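A.B. asks: Could you slot chain B onto chain A? The hints should help.
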Amino acid sequence: MAAYLIRRLVQSALILLGVSFITFFLLYVLPADPVRQIAGRSATAETVENIRQQLGLDRPFVVQYARYMGGLVQGDMGRSYLQKTQVAELIWSRLPATLLLMAGAIICELLLGLTMGIVAALRRGRALDQTLMIISFVTVSAPQFVVSLLLLYVFAVRLGWFPIGGYGTFAHLVLPALTLGILGSGWYSRMMRSSMIDVLRADYIRTARAKGLTRARIVLRHALPNAILPVIAMIGIDIGIFMGGIVVVESVFGWPGIGQLAWQAIQRVDIPIIMGVTLVSACAIVLGNLLADLIAPLIDPRIRLR
Amino acid sequence: MTGPGAADAAPASALARLLRRKLALAGLAIILVVVGGAVFAPWIAPFDPNDQMFDGLTLEGAPMPPGGKFLMGTDLLGRDLFSRLLFGARTSLVIGIAANGLALVIGTLVGITAGFFRGWIGGILMRFTDLMMAFPALLLAICLAAIFQPSLWIVAMVIALVNWVQTARVIFTETSSLATRDFIAAERTLGASTPRILFRHILPHLLPTIIVWGTLGISTTVLLEATLSFLGIGVRPPTPSWGNIIFENQTYFQSAPWLVFIPGTAIILLALAFNLVGDALRDVLDPTQRGRD
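If you're matching them up, the sequences are chains A and B in order. If you use the working numbering, the first sequence corresponds to residues 1 to 306, in order. If you use the working numbering, the second sequence corresponds to residues 1 to 293, in order.
Bound conformation, chain A alone (with noise of 0.2 Å):
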């Protein structure tokens, strides 16, 4: 297990360090020029080249990667080049507000997909579970960007139970969450539903029908357990999908977490920023899914760690 533990998070660090130095590279080739950003559309050549100088932009590409991440190291994630903050400041100020948003998501995701998904199995086949299937191919169909507007126009244009964006009280997280909740929801739901037929399907199934048990206690205490542990590996895995989502649903409903600060970064090339959340994202990614890796064998101990 130590073993185990020690190989995986030394790989987690190399993946992390080939997406810090894949993410520089990029950001050092691209056409776009903070510089100009910075200094602003009527300064001077000479302006320009003092800016450059002073951020240390006309070092060669090593030089700067390695001044970075000898920065990172110490946790340091260097200033943002508009907002003269730090950037770890800026991240760590914003993060709360994201954590939040993904646990009221991961919430309504499971809550609908779970339950649509076991609706679906115990009623293979019938009318009820092919309309379940075919809502949760929609939600699996639909941008995010049409579904938060969607649920802005109906709940809080419309009916005017929900702000229409911003933060700070429980009804503020409702929309935001329920946007991400749903589009997740339908992977639940298929992964749910095949799992416990799946389960259902078993002998020992049969020996607890056979026994007389009631058909709640069989599905609940039987079949559930077993037929929920590909489902909760996932939740490990969506957090990579939640990283993405997260930069539009923010910015459409005005919610103050890391990705409207991506997105604000992105559109001005401020380049410390950019690098920040995207190893953020990236260690989240990798944490995920070492956590669905670690939990599995606890859940079902046919499952070794290899």
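No wet-lab data here; the hints were simulated from the structure. The structure displayed is predicted, hence computed values, not measured ones. Treat the hints loosely; a few may be bogus.
[As the list claims (entries may be wrong)] If we take Cβ atoms under 10 Å as the criterion, some of the chain B residues that face chain A in the derived model are:
#1 139
#2 140
#3 223
#4 253
#5 254
#6 272
#7 274
#8 275
#9 276
[Stated by the list, open to error] Simulated coverage check for chain B against chain A, where a stretch passes if three residues somewhere in it have a Cβ under 8 Å from a Cβ of chain A:
#10 125-133
#11 224-231
#12 255-263
Idealized CB from N, CA, C, for every residue including glycine.
C.D. replies: This is chain B only, laid out in the frame that chain A set:
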């Protein structure tokens, strides 16, 4: 499935089985309608998609609601929404097919090479794939697209660069299990060359997977293009795309919701159609799934 005969007989029966599924048929119908609309756009469209018409706005200068002369209403600039949707379908399909085709080629090449050659080449390729998996895909695409000031083809490339990873992983898993099967060992013993084994024996077995992922991938691609265009960093106006129609009109969506929801529905339907067909194809082409729902 191991003999050459099975591969010849498969397509016809697979198609027949596909056509027996209602959902797949519905998906195919939607795709046909969209493709038809895109191809014949110049003839079907009642107006020029970029014509800012005089009578396309109300007296107060607001867009016209659906109905009457303009089937789906007009946008903020007085252009006919239906005509823009038809021409926008071209953008969605071209990007969907081009970007996804490219992603499929990259993914398949990486997957086959890594799965068949194992060793250090395979190791490096798969570590790189793992690395790409750790990238927040949409964030990366947004970043690339924003910085490139994209055209249609750059958007397609950005999407392809982000989307090949899943295909590579699936193909890798399948290839590496195929490579250890007896019939491949038998081929080797018979003296078959590596290219022959790869193209005559491995690739045909991967074809169902490639078809399935190719179809499902178009749906992802269509969504990604729409999202990028919605953020204003995808296809540039005035070229219509379903995403940038919403981008251009979203400030007005409280009073003119059709400008957001008609293109939004179009995006969902097209993505849904490819998902339905892809899913049905997976069931039809995968023999282990036969007899299940």
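A.B. asks: Take the hints in turn and mark each one as holding or not.
C.D. replies: Going through the hints against the structure:
1. 139: Where the cut-off is 10 Å and the nearest Cβ of chain A is about 5 Å from residue 139 of chain B, the hint holds.
2. 140: Since the shortest Cβ distance to chain A is 8 Å, the answer is holds.
3. 223: The hint holds - residue 223 of chain B has a Cβ within 10 Å of chain A, the shortest such distance being about 5 Å.
4. 253: Because about 6 Å separates residue 253 of chain B from the closest Cβ in chain A, which is inside the 10 Å limit, the hint holds.
5. 254: Since chain A brings a Cβ to about 5 Å from residue 254 of chain B, closer than 10 Å, the hint holds.
6. 272: Nearest chain A Cβ about 4 Å off; hint holds.
7. 274: With a minimum Cβ separation of about 8 Å from chain A (threshold 10 Å), the hint on residue 274 of chain B holds.
8. 275: With a minimum Cβ separation of about 5 Å from chain A (threshold 10 Å), the hint on residue 275 of chain B holds.
9. 276: With a minimum Cβ separation of about 6 Å from chain A (threshold 10 Å), the hint on residue 276 of chain B holds.
10. 125-133: holds (count 5)
11. 224-231: Our answer is that it holds, as 4 residues pass the Cβ test (under 8 Å) against chain A, meeting three.
12. 255-263: n = 3 at 8 Å, threshold three: holds.
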